[in-house]
Amino acid sequence: MSAPALVANRLVPRVYRVQNKRDLYDEIVDAIEMSGGRILYSTSHREAPFYFGVQTDLEERLGLLIYPFRLKKVGTKNRPSDENRGQLRLGSEESWEETHPVAFDVAGVDTTLMLGIDPDRHVFVGLDPHLWDPLPLGISFYAKDAQLAAMGAEGWHAWEKDNRAGSKRESARSESGLESMVAFEPSRFLDFARLERRSVDLGLDTPLRLTAAEGFRAPTGAGATHILEKQFGLSPNEILEIISTRSRLVVAVRGGVAEHHLERQLRDNAAIADVGRRDRDGEPDFDITLRTGKSLVIECKNASPDRYANGDFKVEVQKTRASKGDPASRYYKVTEFDVVAACLFSATGAWEFRFARTADLPRHPSYPDRLAPMQHVDEKWVGRVEDV
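Read in this note's numbering, the sequence shown has 77 at position 97, and its numbers run on one by one without any break.
In case anyone wonders, no lab produced these hints; they're calculated from the structure. There may be inaccurate statements among the hints.
Simulated pairs of lysine-lysine, DSSO-like, Cα-Cα distance not exceeding 30 Å [said to hold, decoys possible]:
1. Lys360 / Lys313
2. Lys304 / Lys281
3. Lys360 / Lys304
Label pairs and their calculated CB-CB ranges [unchecked claim]:
4. Arg271 / Arg(-10): 57 to 65 Å
5. Ala87 / Asp367: 45 to 53 Å
6. Leu(-9) / Arg101: 46 to 54 Å
7. Asp181 / Asp259: 38 to 46 Å
8. Asn290 / Arg247: 29 to 37 Å
9. Arg260 / Pro199: 55 to 63 Å
10. Val86 / Thr272: 50 to 58 Å
11. Arg(-3) / Lys52: 42 to 50 Å
Backbone N, C-alpha and C fix where the C-beta goes; we use that ideal spot for every residue, glycine too.
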């Protein structure tokens, strides 16, 4: 197995000697300049990952560690004709069975990008590098013609797709079985770098990452309102206050903003006499008491931006990980809380919620005392918690 090596004096798990990627390197250089950047430092096109030190027109300094993969329109047997294929190829085929970790800066200064690049059509497709770590070299990823066409005049389009287990992985890349992708033109290159940096800084899961990407459709510029202010409907001070008062958000924001909006709505609800917020790992989010005297325990979850084929919203209701030796512990017991509150912002752009009684939700097929991990937010879910 290859030993760690230096890229721009950064220690990375593996460095690959590459051939025939000069055109991808040049496309990145052109895109950085076209999107308002000035290259202060760059490594050779003969080794990957590439590294670029960039000064932007917004006076930002960015360090970009880039894993480049070729994207092209090519007919593939037994595949749809409207696909554009990206191939994850680095190093020799003999090495592909080894582990290939993706390099990340633990200090959070440099940003890792994983890109499909079509230099002939001047198109980039950005992947979530954390979901592709370690690199499953030898496999392919795909973008539809319609997804590239949807970039439109803005030169930007984000979407969500399913990911599944395969020959390189025993399970899906993400916990929800979903991942986000972004197609963009060279003029939007640095906007994608900003998106990736913010997604990592805030620990955004797939639904919130997609929402953040959709918020970037309009190009950023000097003096613009910070994108997170627009997405979350909060001032910078409110965002910082949320992060500083919730210990879990030091590690990852994830559902913190949704919880904040839900708490505000619960406290404004005349039907609710008391609201208590919990802030302990592994516990539900809220205890409420209705004016009727009825008490309820609530767990808040973010819905996916995409819906099921029948139009239902979809929401993931499971824990981040299972306890060692107990796969069932990944799934919530029906008795852990009374109500699930699904935040629909990722799907609707509005801070609205739907509520369902836990006892009425479908169970896991293998563990009948636990909830199924993916739930349909259908007509049985209600808009007021007092109506569950």
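Each hint tested on the structure:
no., hint, result
1, Lys360 / Lys313, "holds (20 Å)"
2, Lys304 / Lys281, "holds (24 Å)"
3, Lys360 / Lys304, "violated (35 Å)"
4, Arg271 / Arg(-10): 57 to 65 Å, "holds (59 Å)"
5, Ala87 / Asp367: 45 to 53 Å, "holds (48 Å)"
6, Leu(-9) / Arg101: 46 to 54 Å, "violated (35 Å)"
7, Asp181 / Asp259: 38 to 46 Å, "violated (21 Å)"
8, Asn290 / Arg247: 29 to 37 Å, "holds (34 Å)"
9, Arg260 / Pro199: 55 to 63 Å, "violated (42 Å)"
10, Val86 / Thr272: 50 to 58 Å, "holds (51 Å)"
11, Arg(-3) / Lys52: 42 to 50 Å, "violated (22 Å)"
Violated hints, in rising order: 3, 6, 7, 9, 11; the structure is consistent with all others.
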